[in-house]
Amino acid sequence: MSARAPLPRWVDIALLPVLNVVLAFLIGGLIVLAVGQNPLQAVGVMVYGAFGYGTGVGYTLYYTTDFIFAGLAVSLAYHAGMFNIGGEGQAYLGGLGVILIALALNGLHWTVMFPLMIVFGALFGAFWAFIPGYLQAKRGSHIVITTILFNFIATSVMSYIITRILKPEGVNSDESAPIEAISRIPRLGEFFSFFGRSPANLSILVAIVALVFCYWLIWHSKFGYAMRALGHNPVAARYAGISGTRMIIITMAICGALAGMVAVNNVGGVQGRLILNFVNGAGFVGIAVAFMGRGHPIGVALSALLFGALYQGGQELAFSMPGITKEMIVTIQAMVILFTGAMGDMLRIPLMRLFDRRATAGTP
Amino acid sequence: MQYYTDLILILDSTVRLAVPLLLACLAGLYSERAGIVDIGLEGKLLGSAFGAATVAAVTGSAWLGLLAGIGVALCFSAVHGLASINLKGNQTISGVALNFLAAGLTTFLGQAWFQRGGMTPQLGNDQRFTPITLPFANELADVPIIGGLYSELISGHNILTYFAFIAVPLTAFVLFSTRFGLRLRAVGENPKALDTAGMSVTRLRYQALIITAILVGIGGTYLSVAQSSGFNNNMSAGRGYIALAALIFAKWRPWPALLVCLLFGFLDALQFRLQGIDFPVIGQVPVQAIQVLPYLLTIILLAGFIGRAVAPKAAGIPYTKER
Amino acid sequence: MASTTSSQRLETAAAQAPAIELRGINKHFGAVHANKDIDLVVKRGTVHGIVGENGAGKSTLMSILYGFYSADSGEILVDGQRHDITDSRHALALGIGMVHQHFMLVENFSVLENVVLGAEDSPLLGKTLSKAREQMKALARDYGLEVNPDALIEDLSVGQQQRVEILKALYRGAEILILDEPTGVLTPAEADHLFRILKTLRDEGKTIILITHKLREIMAITDEVSVMRQGAMVATMTTSETSPAELAEAMVGRRVLLQVEKGSAKPAEVRLEVKNLVVADDFGIPRVKSVSFSVRAGEIVGIAGVSGNGQSELLEAITGMRNIREGAIFLNGKPLALTGDDAAADARAAGIAHVPEDRHRMGLVTGFQEWENAILGYQDKYGSGPALDIGGAKAAAREHIGKFDIRPPDTELKTANFSGGNQQKIVLAREMERDPDVLVIGQPTRGVDIGAIEFIHNEIIRMRDAGKAVLLVSVELDEVRSLSDRIIVMFDGHIVGEADPATADEGELGLLMAGVTHDGKAATVGTTPDVKTVTERRLMEMNPQQISDKDAEP
Amino acid sequence: DPAIIYDGGGKFDASFNEAAYNGAEMYKKETGAGYGELEISSDAQREQFLRQFAERGYSPIITPGYNFVTALESVAPEFPDTHFVILDAVVDLPNVRSVLFKEHEGSYLAGIMAAMKSESGKIGVVPAFNLDLLEAFACGYKQGAKSVNGDIEVLETYIGSGFDAFNDKPKAVEVAKSQLDQGVDVVYQVAGGAGAGVLQAAADAGKFSIGVDSNQNHLYPGSVLTSMVKRVDVATYNAMMDEKNGNWSGGTIVLGLAEDGVGVAFDENNASIVTDDMKAAVEKARQDIISGAVEVHDYRTDQSCPA
Ligand SMILES: Nc1ncnc2c1ncn2[C@@H]1O[C@H](COP(=O)(O)OP(=O)(O)OP(=O)(O)O)[C@@H](O)[C@H]1O
Ligand SMILES: Nc1ncnc2c1ncn2[C@@H]1O[C@H](COP(=O)(O)OP(=O)(O)OP(=O)(O)O)[C@@H](O)[C@H]1O
Ligand SMILES: [Mg+2]
Ligand SMILES: [Mg+2]
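One line per chain: the protein sequences are A, B, C and D, in this order. Position 173 of the first sequence, counted from 1, bears residue number 904 in this note's numbering, the numbering being contiguous throughout. Position 192 of the second sequence, counted from 1, bears residue number 257 in this note's numbering, the numbering being contiguous throughout. Position 178 of the third sequence, counted from 1, bears residue number 185 in this note's numbering, the numbering being contiguous throughout. Position 81 of the fourth sequence, counted from 1, bears residue number 979 in this note's numbering, the numbering being contiguous throughout.
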């Protein structure tokens, strides 16, 4: 392996991932074939559903927004040497922050409300990540356990708060009172009719800002430098005068704040109220997104988009091809994660051979 | 006396709740000790629960179901191994993928085969692993103290439960007193040490994954063919993650793993009993407050007494050797 | 076990066939041609030295012989027979054992477990272990290889860990033993012990291949020596017919000054002063016990001592890496309060630069690019506000590269891919270019080739002459003697004496280091214990400073 | 054509969604006409699916579950010519038919049977988690039981604290066992897919259980005392037929005992364990409730339970 020259950069960062996605779809296609459906048609439907028309694009972007936040929440922690499995719970708690401020000031114009919701979603999410961070830094409690447990605790706590405290009288659904229309984050469709009535809303701008911010934070700030030093080598970090305790706690809090943005998108934008279990697994998808994006904001953005497209294209598929159910789509997603993520290097060796031969053929 | 009987019953429940966790936890122990992080335990549990229930329902044999449960887990392990050992992919992604795969595939196939929305047909008692009465359990039942202990707590579980408990000393023995265990632990700490001693890291890691599959396969089977009669969607309900937490809590050691799993089981069993009870002084508390108790207690224990857990050094890092 | 193999050997192999013969070995790593057409003959029953600069290809060649890497082309003959050594198991079967530069031990295993790992003879460990225990006793007796079989590796000193590596090889019946830079991390006493062992082994008829950067060692123990340069084998000589200067020249391709040349010191005001310092190690055991001394501007103070007598803790306390228990540190007359997470930053801000003893563990983030390590510890100086001035950092890195001749001159190369000598230069450049008041240096030339050693020594003296106060700790007594203007000897946490390097003779220093004070009283307390106690080990498990150097790229 | 959008639990949740599915199948069998269906996997899909169906001309579009209220409120006005049905909640729009069930009334009858069957004077109810809808079942059940035996003790234990609980069958088994261990001899499950575990635990222990939503008596004949059926299937079927026959009407329909929208199931599977006394008591209570002589309190009105 090492005797060969490494792959050209464009192959590494462009061709290989694309081939991997194609491979994943090939395997997914076999499953589609197995249930007697036409895989080509299925791919067509998916692509059309995800990117073919305005509303579809809007849905894709809506999911992408969630996954960007969740993915960044995992990535950032990873750079500091931690594995944050708690995005789910952090986002859930973020929802509490968003709804509390929104209901307290219900009726305020969204231009004022939007930033407030961001702040409160971030604060509450950050709080839920701060505790595991603190326990890791000060007490050595393994962050993986504590964040897993905090997901479970969030479920109980939020279920109590929603059904017993926030739920208005006489309402059947398990949800809080609604945020007034004027206070909600506007949908993109209100500015560009292209997006139709899709749920994509201005939160996506927050996601883009978050991406840029994280990119800057990780690679261009002193904090990011310290974070990465800690993640690579805690002893050297201490040598460099970097406080591990402080870094762990702050990094986790930032991660939680990012996860809390999932709530801004959903509670403040799409649903306009706090409903039970609104995070719906986005926190876990974030793990896959972060790792597939190799912790790099650009990678995270791309893999979040891939997952967004899979979610939206998948639902289009379920709609247009009734033989294909939502479980099949989950299965295809699994294939994509497997082939583009975990088995991403499967085609590397054949490709290397190919490029090697070309290289030697080129030189007499 | 009533309290004693209650205690026995709660402990009995503790055992039943702990078994799937314990099996998954020991399964994870083998793979992580060999240097392979397995966040896919959840998916493996679910997948093998499905495989076991399906085959048990179709053939009518719980034992064949068990084989199928293990078989499914083996397939999952093979994928995990291919991705993370041969292709040196990221073990976490591979595990997450397996979790997705299990969630999607079980319901999809279940629906295709049984048309019951992913549920498998309900299993009759002869298609399940049912409680075994140990010798003299009935005779001793009336003896005070130990009678109840023996006939309720020790006797009257299904065979998989006994296996799970035997697996603990067995694991301790394999890990610390056999050649295989020595190498297994070494490969998770410093695979290069093995490689330079002329042993195949790949082979050992696959062996570990096979054991992982067997254990977690039994765990999945327990869920669908012993504890309940038949599979339904997502019935693993996060047990794989809890098992992972238990593994870290136990610092990757078999006896502590047993204790931690029993603790989790006990807190759950207790929690069921405490719901709706009027407590002295505070009175009724919201049921959610009781339900978070196990998690809170775990966190307090972790932060207060357990200290730092140091994972096997090579865990999560693919072994690459330049050739 | 050993006796049967050696007798078989005598029967099968022609008496005069060399133990090892390599012919035309080639090995590429990507674009790097690490071994170019190497031929090498190693005679049976000799100690064969291999020298060469960092990155010359020594380790690669030996890894090929040991079957850990496979050569692109070429053949290997063992006892005159051609063998295709495909993996290490094969090499072991041929009686080739190797002690790697970075030990291949499982840290949290016992010595015994490490020795039997991979050479167990039954599925159950019990019998193997008791057999190995017996055999270890025999080996300890025959070769002076004493180690407690039940000690955990992580509790052992490097010297003892190395003995375990040798035991491992001998336990497997090695007839040919390869040692890759075995003395790089050893104290002189440990090195002497090692050489005694090697001599015994040779006298037993075993063949030894020794890689080292220390020509003194080559001269002292080898029978023949081969020189590698830039992947090629440039010469093989009989040791008795060559000289260090000749070897050095063959290695580097130019004349090397083996002696440090420096003018006399012009000490000025006191820069660093330490009063009654008491420092404990990670387990709370005092390692530095009421130490006082001072370093003036323009002088180099060397601390000599057998490692484990408190020098490391002293360095770490002065640089803020370790809390002090009692006493005080003064910089330019002002007291320094160094506690907590930020102590290292405080020390640095006050004007103390620190070249740590262990560059991999502490001085570098090996997963970082070169420019990132060039500012490690000074990151806050680059850019105002929260942003990092990357351009500025890279400019500094380029400057370091230029001044210190760091190779390859690539600021964006991952630091792990630099050779040890160049890694050391990255650290030195970073710390020296800061214009500190005080420079604290631990083991400046560990694992570094002689060309680089010469350069590093000159730089240290340049610092002194620029009016800096330099505090130096090294296990190389030669180095301490030739660089220092004053030598402080530490034993068991105390300063047991001071010597003038110009007048002190080696014997006197040696006695001091062994705890025999000027007035002839021998210290009663021993040095560091061989094995840490059970409680200590427990404490270690809970020790928050978990050392990991994993790549954080997911 | 009509269409159904199943809620989060999925089409085959062995309870609510599945009942809607059965109704649709009934319609399909009878008329030979098809229908569209989708399962949501995220909350955003509620509106999305509603619009998709509406845009493509499906009517009526049936949404089982109160979680669809918000989505319907925003989508229904956009499609005034499309008909919508929401089950379990009220959406006050001209083109929406809201169907409510008086689960508490049906559960009241189940409570009567449980109390009469119990020998220990202890019965239990196992909801999936602390959700108002499920509390309404439990509360009706308690009232019914108390009406028979004022001293009866009713244990209520939740399986979990989130939607996961609807799937966690193994835990449901354990929760039921813990009640049985405490002397309960009839348990009522209100836990969707996981509920099968409750029935199983009772059967394993030789005790009795009560099924929910659809008739589950056949699952463990001789152990499942009865099932509190909620005729979601009928409501679904009716909505589809009404549209087909041109009888569509909006407004709110409340289905209680009087309308046969809820009730307890008697069939050959539980014939051997149900006594004539029980049947008589159930029938009497049914009449009383219909006539208004007995009023069953609905937990949802004030989030409290008198019993
Ligand atoms: N695993 C590897 N991958 C890529 N290149 C390598 C690898 N190992 C060694 N090299 C290259 O091969 C050359 C020879 O390395 P080698 O380790 O044999 O040097 P060495 O003589 O042992 O140096 P040192 O004195 O520092 O130990 C190096 O310059 C390096 O560039
Ligand atoms: N993965 C790698 N890729 C490229 N070059 C490598 C790699 N690993 C090692 N090298 C090169 O191999 C050479 C020797 O590596 P080695 O690990 O032996 O370091 P070293 O110089 O001996 O360091 P030290 O003396 O600190 O142990 C170095 O020149 C280094 O650049
Ligand atoms: Mg080397
Ligand atoms: Mg070296």
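The reader is advised that the hints may include incorrect statements.
What the hints assert, rightly or not - Pairs of lysine to aspartate or glutamate, EDC-like flavour, derived with a Cα cap of 16 Å:
id	chain 1	residue 1	chain 2	residue 2
1	D	K1142	D	D990
2	C	K221	C	E211
3	A	K953	C	D79
4	C	K50	C	E211
5	A	K898	D	E923
6	A	K869	C	D348
Since the hints were made in silico from the structure, they are not lab data.
Against the structure, the hints come out as follows:
1. K1142/D <-> D990/D: 23 Å, violated
2. K221/C <-> E211/C: 25 Å, violated
3. K953/A <-> D79/C: 45 Å, violated
4. K50/C <-> E211/C: Holds, because 14 Å separates the two Cα atoms, which is no more than 16 Å.
5. K898/A <-> E923/D: 35 Å, violated
6. K869/A <-> D348/C: Cα-Cα ~12 Å, so holds.
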